[in-house]
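Student: So you can see what is in the structure, the chains are spelled out below.
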Amino acid sequence: MPKDKLTVNFRFRERLNKMPGGKHHNYCYQCSACVAVCPAARFNENFNPRQILLKALLGAEDALIGENSPIWLCTNCYSCYERCPQDVRPIEVIIALKNMAVEKGTAPTNLAKLSENIAETGMSVTFSSAVKRRREELGLPELKPVPLEELQEIIKDDKKE
Amino acid sequence: MTKKNNMKVIPFWGCMMPLKYPQMELAIRKTLPNLGIELVDIEGFTCCPDPIYFKARDKVKWLTIAARNLAVAEEAGHDIITMCSGCISTLKEAQHTLAEDPDLKAEVNRRLKRINKEYRGEVSVKHAVVMIRDDLGLDRVRESIKRPLEGVTVAIHYGCHILKPSQIMHVDDADYPAILDDLVSALGATPLEHHEKLLCCGKGCMDDELPLDMTGAIFESIEKSGADCMGLICPTCFSSFDMGQILLSRKKGKTYNIPVIYIFQLLGLAQGMGPEEVGLHTHRIKADKVLEKIKGSVKVT
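So the protein sequences, as listed, match chains A and B. Sequential numbering from 1 applies to the first sequence in this note's numbering. Sequential numbering from 162 applies to the second sequence in this note's numbering.
The set of hints was computed from the structure by calculation and includes no laboratory data. Since the model is a prediction, treat every value here as computed from it, not as a measurement. Treat the hints with care, as some may be off.
Interface residues of chain A toward chain B, partial, derived using beta-carbon atoms under 7 Å [said to hold, decoys possible]:
id, residue
1, VAL8
2, PRO20
3, VAL125
4, LYS144
Don't be surprised by glycine CBs; every beta carbon is placed ideally from N, CA and C.
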């Protein structure tokens, strides 16, 4: 294939369209308003939301959800969502891409660590004995029990036929 | 507009405040009753869940857990208030998304049916500062004050999630917010403008360097402003700035020593409480400079 030929992976874009928030990538007209307000782009030249959207429009699967993708540098600040004149909601497209990377097994290993507490305890933060003592010292009431079984039931995957 | 006399609301505490920074829960429990707000604690909540990592893992499951929490409040029959920017972000966005996308709502309710729950979308969720501004009014805050924070200059840090996206959060103008400035002014303190007032703290970025560079930029800007302390609303930002100053000192060799105070701790001080009563002694960066300034301050009536 000649090098100057532009290829679009529509199959990947179809998959992205099916993820919640993914469909809005189609509206991007590459104006860079998101880049102007993006703190991650300001502090790290490897992150550029317009380029991520361009890659989404091209369906560049490896660049977006392969190992070491720049999507994980997003600070989740929602400035791009606030500013985008096309309602692309770039952060939500990035989150859709993150969900796809998790499915593919290419998400950074610390993501699992940072999110598994919720599925295992119902809370995102581990209740340390030091904080337990501090709550007592501050005279705070005992914590209400967490309905862990209910939480686990609703996030359970459906049985494959 | 007539303001309500007394309000009963369900506090949605989330994880960060009760399990990591209980001094924030303490400040809320002590200050809100002085404004005529009764907190009705109920059982049945889980993590909101967090709008960064769990959402990145699986957005449908993230929405499902959020919808379950909202359904629990719907059953209890009172509105929810949250005091955490992460919780308000998750719960408001879940409401917005499920109203916008009936297919997702159906999927979420299919999952909730397993535990005989249903998300209907009828409960109101507000941040406590929004309830104070809109339902009670700042006069109620002024009336509750016994020791105005006169002479205290505060660099307010809004953080991201309480404001953006404004079309979902409906809290304030995301570029020119006033809600916390107005609240801090009502306490008698002076909010100071500074260049990086609206910069993200960087905590949600999964990189080692970038968040420290961002908090460093914010402290550089606050130091130039000469503010006595930082006043903030978000427990995740708090970890970036309180513990964050220890890390900046250790890793970048730059020491700022700017006390980081949760807005409701400032309210507690203004309502006449001592620093330990609002848990200020638990912070890494001590607030001595602020406390010295308000020593002897009394309300002139």
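Student: Each hint needs a verdict: does it hold in this structure or not?
Tutor: Consistency of the hints with the structure:
no.	hint	verdict
1	VAL8	violated (25 Å)
2	PRO20	holds (5 Å)
3	VAL125	holds (4 Å)
4	LYS144	holds (5 Å)
Against the hints set out earlier in the document, a violation occurs for number 1 only.
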